[in-house]
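Novice: If you want the building blocks of each chain, they are given just below.
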Amino acid sequence: MKYINDYELCAGLEVHVELKTKTKIFCSCKTDFGAEPNTQVCPVCLGHPGTLPTLNERAVEYALRAGLCLNCRISELSGFDRKNYFYPDLPKAYQISQYEKPICEGGFLSIETESGEKKIGITRIHMEEDAGKLLHTKERGTLIDYNRAGVPLIEIVSEPDIRSPEEAVAYLRELRSILLYAGVSDCKMNEGSLRCDVNLSVRKKGVAEMGTRCELKNLNSFKFIEKAMEYEYRRQIEVLEGGGEIVQETRRFDESSGKTFSMRKKEKQSDYRFFPEPDLLRVEISEKMIAEVRSSLPVLPKERREKYCESYGIPISDGVILTQDRKIADWFEKAAPLTRYPKTCANMILSEIMAFDESESLPERISPENMASLCDMAGDGTINSAVAKKLIRRMWKSDIDPEKVVADEGLAQIRDRETIRTFVKSAIEAMPKAVEDYKKGKETASRSIVGKAMGLSSGKAAPDIVALLVEEELLKL
Amino acid sequence: MKKILERSVIEKARDLRAGEYSAVELTAAYLDNIEECDEKIGAYLFCDRKLSLDMAKRADDMLKGGDAPLLCGIPFGVKDNICTAGIPTTAASKMLEGYIPPYSATAYERLERAGAVLLGKTNMDEFGMGSSTENSAYKITKNPNDLRRTPGGSSGGSAAAVSANTAAFALGSDTGGSVRCPAAYCGCVGLKPTYGAVSRYGLIAFSPSLEQIGPLTRTVRDNALVFEAISGKDPKDPTTKDRIGDTLAGLESGVKGVRIGIARELADSNASAETKEAIFSAARALEKEGATIVDISLPSLELATAAYYIISSAEASSCLARYDGVRFGHRTKKECQTVEELFRESRSEGFGKEVKRRILLGTFVLSEGSYDDYYKNATRVRGLVKRDYDCAFKSCDVILSPVCPDKAPFIGEEKDPVDVYLMDKFCVGANLAGIPALSVPCKKSAEGLPVGMQLTAPFGGENILYRVARAYEVIR
Numbered sequence: 001m002k003y004i005n006d007y008e009l010c011a012g013l014e015v016h017v018e019l020k021t022k023t024k025i026f027c028s029c030k031t032d033f034g035a036e037p038n039t040q041v042c043p044v045c046l047g048h049p050g051t052l053p054t055l056n057e058r059a060v061e062y063a064l065r066a067g068l069c070l071n072c073r074i075s076e077l078s079g080f081d082r083k084n085y086f087y088p089d090l091p092k093a094y095q096i097s098q099y100e101k102p103i104c105e106g107g108f109l110s111i112e113t114e115s116g117e118k119k120i121g122i123t124r125i126h127m128e129e130d131a132g133k134l135l136h137t138k139e140r141g142t143l144i145d146y147n148r149a150g151v152p153l154i155e156i157v158s159e160p161d162i163r164s165p166e167e168a169v170a171y172l173r174e175l176r177s178i179l180l181y182a183g184v185s186d187c188k189m190n191e192g193s194l195r196c197d198v199n200l201s202v203r204k205k206g207v208a209e210m211g212t213r214c215e216l217k218n219l220n221s222f223k224f225i226e227k228a229m230e231y232e233y234r235r236q237i238e239v240l241e242g243g244g245e246i247v248q249e250t251r252r253f254d255e256s257s258g259k260t261f262s263m264r265k266k267e268k269q270s271d272y273r274f275f276p277e278p279d280l281l282r283v284e285i286s287e288k289m290i291a292e293v294r295s296s297l298p299v300l301p302k303e304r305r306e307k308y309c310e311s312y313g314i315p316i317s318d319g320v321i322l323t324q325d326r327k328i329a330d331w332f333e334k335a336a337p338l339t340r341y342p343k344t345c346a347n348m349i350l351s352e353i354m355a356f357d358e359s360e361s362l363p364e365r366i367s368p369e370n371m372a373s374l375c376d377m378a379g380d381g382t383i384n385s386a387v388a389k390k391l392i393r394r395m396w397k398s399d400i401d402p403e404k405v406v407a408d409e410g411l412a413q414i415r416d417r418e419t420i421r422t423f424v425k426s427a428i429e430a431m432p433k434a435v436e437d438y439k440k441g442k443e444t445a446s447r448s449i450v451g452k453a454m455g456l457s458s459g460k461a462a463p464d465i466v467a468l469l470v471e472e473e474l475l476k477l
Numbered sequence: 478m479k480k481i482l483e484r485s486v487i488e489k490a491r492d493l494r495a496g497e498y499s500a501v502e503l504t505a506a507y508l509d510n511i512e513e514c515d516e517k518i519g520a521y522l523f524c525d526r527k528l529s530l531d532m533a534k535r536a537d538d539m540l541k542g543g544d545a546p547l548l549c550g551i552p553f554g555v556k557d558n559i560c561t562a563g564i565p566t567t568a569a570s571k572m573l574e575g576y577i578p579p580y581s582a583t584a585y586e587r588l589e590r591a592g593a594v595l596l597g598k599t600n601m602d603e604f605g606m607g608s609s610t611e612n613s614a615y616k617i618t619k620n621p622n623d624l625r626r627t628p629g630g631s632s633g634g635s636a637a638a639v640s641a642n643t644a645a646f647a648l649g650s651d652t653g654g655s656v657r658c659p660a661a662y663c664g665c666v667g668l669k670p671t672y673g674a675v676s677r678y679g680l681i682a683f684s685p686s687l688e689q690i691g692p693l694t695r696t697v698r699d700n701a702l703v704f705e706a707i708s709g710k711d712p713k714d715p716t717t718k719d720r721i722g723d724t725l726a727g728l729e730s731g732v733k734g735v736r737i738g739i740a741r742e743l744a745d746s747n748a749s750a751e752t753k754e755a756i757f758s759a760a761r762a763l764e765k766e767g768a769t770i771v772d773i774s775l776p777s778l779e780l781a782t783a784a785y786y787i788i789s790s791a792e793a794s795s796c797l798a799r800y801d802g803v804r805f806g807h808r809t810k811k812e813c814q815t816v817e818e819l820f821r822e823s824r825s826e827g828f829g830k831e832v833k834r835r836i837l838l839g840t841f842v843l844s845e846g847s848y849d850d851y852y853k854n855a856t857r858v859r860g861l862v863k864r865d866y867d868c869a870f871k872s873c874d875v876i877l878s879p880v881c882p883d884k885a886p887f888i889g890e891e892k893d894p895v896d897v898y899l900m901d902k903f904c905v906g907a908n909l910a911g912i913p914a915l916s917v918p919c920k921k922s923a924e925g926l927p928v929g930m931q932l933t934a935p936f937g938g939e940n941i942l943y944r945v946a947r948a949y950e951v952i953r
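From first to last, the protein sequence lines are chains A and E.
Just so we're aligned, residue 1 is where the first sequence starts under our numbering, counting upward by one.
Just so we're aligned, residue 478 is where the second sequence starts under our numbering, counting upward by one.
Careful, some of the hints might be misleading.
Subject to a maximum C-alpha distance of 20 Å in a straight line, what follows is the list of computed SDA-like cross-link-like pairs (lysine to any residue) [to be verified]:
#1 E:K710 - A:T142
#2 E:K853 - A:E57
#3 E:K713 - A:T23
#4 E:K810 - A:T142
#5 A:K30 - E:P579
#6 E:K713 - A:K307
If you are wondering where the hints come from, they were derived from the structure by calculation, not from laboratory data.
Predicted model, so just to flag it, every value in this text is computed and none were measured.
Looking at chain E on its own, in the form it has when it is part of the complex (with noise of 0.2 Å):
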């Protein structure tokens, strides 16, 4: 059974239909595989072997029904910060311990209703404030591919379960590359949306303005799957628009006559040379199959990431003051003799280090006297890096790069705030500009990781982005 948690959503799914095993057998054959390998990893926050079993019952009622949606069946992990009606939802902090939504994310909803099976929820960053997960107030989760590195984060759970077969597929959330570098280091395909395309509607906000859930996915027509699931208007959340179409109907399309940019500014980054080298090479494949390289420039990304920074921490800094230890989640022990008294002591005691860092650098530049300076810069810069890309795209059709300067770190490593910071500077533009990017694995590092790059495609550009990196999964 271990060897059939290998093959793709699609293939599962026609497995199911086919009556080769049920979908309890199916999810039965992942719980299994956590129980066994889930404690050297710890992808895992939550898992209830009775709640995921009954739903794959009503998946094989819903099979034996015929016409069930093509994820009926399929057991998932869901990243702990979106939530899940009546199921623990922490966002891996101490903060919401034992919170349990009265609600369901709309995207987990949706892919509740299609039939599919939660195996449990994943480990993150704080808040997904962080790139290695290392930010959890609850556990270290491992990279599968080497147990001594950290799985990226803050997706981590996500994409370590996916690359453990410990879940066929994972929702993640992708505010500054949480979907994107996860899926490098561990060896998935991952897609930060276009911003709109997928509900926010319970996912815990950190920065409204920048964030997504996205699929992480073994292969490429897996995440088009999953994500055609999850996508599409939610009178829940204004911010949503409509379906872009099909985006599984020109998978297999191939490159011929696609302009392939490259921006110039690359060969100066901050980028190991193994990193550049490994786009380098991609970059050749996919021209051997008939698509064209671009030179482009993209000048502004180097002011990125303290944009990114400035706008995503000032947004926390709003968003995470709701915690305040009145209504929910963690209420100080100590005897408070103020209200005050009862936010700060609350609010001391359930964030960790890195989400009190970005509150105070959020409410910082948001305060009278350095709003203009910081915040309002911020938005300004923001606006070039749209402009950047809107430029770019006139001479391409996708942007090829790196996901991450460099492989996945050690567990553990000592790292200034600030580096780790700059490791987001190749995802913070999607971000900012609210376009599409896919992260898909590229060729193996010499010790053997994985190294992911990174296809970034217009406004609703999903399509063009499955497309071309389907046509270089084939020849990977």
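Okay, chain A solo, but in the shape it has when bound (with noise of 0.2 Å):
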């Protein structure tokens, strides 16, 4: 498109998040993910007439957690607020919510971009109810699950400080991560515990006010965010640059056209008609409180990653994968001091580990002390990269001691070169075709014989020593 590199796309994310408690926000129900439809539900959270909400501790402090996780100022007193529209999802016909005073303001999160770290602004964290599915039937039409009505929520509202599909990518993983290390939310994005919005916008660059944004929804995926957001940018952009004006509406992702659609204009958008609710106490937050929470909280993901970087010089980049699960950064760091290879087990995880299936099971899986003798093994040469690939996927099925097995089977690496030239001699009498492709200046072709002469060595030869000594005999031909 001609003109996008005149325009700066700039967008704030709106993240709900269900919180993990046992049970609903204002009443004693339980929020398993997957009961039978209306099976958990009671008077208060179906809404029946004269009842009355009581406030979940537990969700307080799941939302305070969240928000010093998140760098924000906790509010001292809060309070809930009713937002009134009337959808059948909805018993009360109202959300009981925090609008004028919300729990947590004013917080940060730190983002790695390809030019550095970037801290994304938050403006608010409050807490809210759930409402309940709808599900569309051929059979018997529209059928409502209470299941998820009164479900806690927190709602994290982002300044627009994101600039790209990437960034806003780059915020919601590190949210997530976050969210997890603290302990507040199972942040599914398949079972909707984790649900992102998009206002975007743009503006030509070097422009200070913000353009007209729209909101985008149903966006079920970070890979149909990314989508979402690359349309919306070039389609406001064309909007602009045909000479039109950006309406302020909410726009539905289409995932099978990847495009977006209006919903509703703003001029049509429910006014809510909020006040305080009046049959919830204002919330308050102790300092003592706050200390409390404070005191448990884990180290987060920022903080191990340049401890890794500084510790093992583990690059930041890798440092953001590998603190992703808190799981697996709890066992790397039982792991990494036991060897003398660090950076190795770092990378073992990194290209091994992370793509076998259910990889965070690890710590379930290999106890570090395993871990670090293949570590240090692998990073003095013992063993060669392709015995030690082996065996890792050899531990992953049962947690075997990687030094006995390769004192069992004699998996140490050859570096004798004597030895590994009778491979290379070997390999290359078995590949005349190799050798013909070799001499006529395709010298790819040594590659085939160096795999050959590798397997020969039962690919005990270390690999550097035998492609030397490929060269050195194919020259002497």
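Hints in hand, dock the two standalone chains.
Specialist: This is the structure:
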């Protein structure tokens, strides 16, 4: 597109996160995902006449944890308000939410971009209740499952600091891992425990004011968020370049076409008639409570990856991936001090283990001690990388002692040049076609000879020496 | 047996323990009286003889076991906006016709546990909106003292039942005078408790920040007894508070040294000459007993009615939004194309005129553009009202005032809605401020109709209310 480089994308994210409390925010119903429809309901969450909400203290604690992890100011006194609108999935026809005074305000989180660390501002975090779920069926019309009605949510609203779809995804990944570290949510997009809307506008580079924004909905994966933002960015530029104006509206992302479509214009948007919820007291948070929660917070990904970089020389970008899942990061921190080659350990996790299904089950599968001895052997050249890869796959299946396996099965690397030379000579003899190709100037042909020689050594020869000797022998011909 | 019905709750409690009669006999006597005279009074919306007698049987067992709570075996009525598990609860609205709540209100549950016997659910203005009980979707309740007149409202059925001896006591609810007004018109004692003294759990909400469940009784002592039984912290209602203490202890201490405030604004108010005279004569009588009459001022009360109607309607528009025909209550039989149409038709059919008026008013005052002018300003007035009371209670212990400007109006009288709203003038202040107020029978009007007087006390001041009311009851 012609003008695309003249424009800048500005986006802010609204992320809804279901808190993983055992019970709902205003009643004692369970919150288990996937239960039979309407089995986790009571008169309170069904909005029966005369029922009253009682606040789940654990939900407040979780919201507070999230706020502290995201560097927010905590409101000593916050309150609930009613957001009024009619919809069949909303039992009381109002949602109890925080409008005037949310529990957390003014925080930030840091993401890693190509040009280094960037802070994304967090405007506010507020608590609210989730609505039920509509199920549209052919046979029985629309059915409503109220199991989700009253599940505690926090809504995390960012500042419009995001400048690209990649930054949006980096923000979401970082947010997700922080919330997982804090233990306040499962953050599963496919189960709806993490949902994201994007407010996106464009402006000419160098212009200070924000453009008119559109809100993008129905973004069910990181991939769709990227696609929708990319599409919307181009659409808005096209409208502006065509002499048009952006209309403030809500737009729905269509997964099959990859486009966004207008859902409702601003003027048709509901007036929610917010007012203070009279059935609940104000939420008081004491200094003591803040201190208690703060002292129970885990070390967050950012601090960890900085430490990995400093102590082990692991690049920050690798650290980002290594720290995404707290269980893996915790496990790495146990294994790393046990080996002389912590960087090898990190690489092993990133290139091998992360490729396995259910890679998060690593701590249950491999002991840090066994991992450390594998890394030592790989690091000091006792075994070559092919053997190391084979061993890690075996260790994934059962937690074997790699040192013992190497000794028992004679897997130690062969570095003796003359032994290796015999493998190389045999390989050259066995592959006349490759030799011919090599002579014709096809240098890559030597690679298949190296592979053959490695195979003849049962994969135990040191690959660097094999490569060297193949070149030597070929030159002799 | 009918003579017995005249006796106070405390006397009946004594009789039951002395074996003068059983709870079953007492309940049967009430049920017989209901059968005999409720057709013309219309206090009840629902009675179930078998259910009441079963409860009475259980009460007799409790009494035999000894150590039964005071209210054990005492038959009572419950306003129809208070949920009773398994028993129809409609708030006198077509919207909730046939609704059977799956749970009980805490206040009712406490009485049930104490062994009190439910006689039935009493009529009211739909969702508590009104002060004549004429806004019921089901029937008109008549004032037992003069059948041509209304019993007041919205707890008109409860007051009429107590007045006609078709209940030993009754529960009502008071959002802006709904216990006190009918108590005054029917000649009962009615309490609007301190906000948070009685759990609202199970009270079908009209305006949560203003309303409380309160007892209607024949005597002051009975009222204190029932209040004791239903009040106190409830984990199901976060706005409840711990009990203040024994309201019965100081009941007979008299009024010597008690400072009784009368607002100077009363003289120029819309109260009738007869009503004003009743209040002043009560003041003189109390003065003779040793009380001091103090001149006070409550200037912001002039604005209180407007603030009350804005806040209560705003909250009502939200509280009544759940009646949309989806989960319970009335659903239109019409074929609907969209869910919005289902909402609209069900609500248009299910709600009465006054309820619709308040929902519209409330929706308007909360809307963008009018929120600041109306709702926000009303909350400011609310603050002023509280401040006026705080100031007044520096120089007095209780405030004496009328409950309603005049005696009970005739049924069917054509009235302007705003004039009707202004009848709440003396009552709404206590709701806005969250303080307790008690309606006590005063001397009767020239035609022999009951006239009530209102005593208002600071937050948590039920004790002093009952003490002054009791002193007046003795000399009336």
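Novice: Against each hint, give a clear statement of whether it holds in the structure.
Specialist: Status of each hint after checking the structure:
{"no.": "1", "hint": "E:K710 - A:T142", "verdict": "violated (41 Å)"}
{"no.": "2", "hint": "E:K853 - A:E57", "verdict": "violated (30 Å)"}
{"no.": "3", "hint": "E:K713 - A:T23", "verdict": "holds (15 Å)"}
{"no.": "4", "hint": "E:K810 - A:T142", "verdict": "holds (18 Å)"}
{"no.": "5", "hint": "A:K30 - E:P579", "verdict": "holds (19 Å)"}
{"no.": "6", "hint": "E:K713 - A:K307", "verdict": "violated (48 Å)"}
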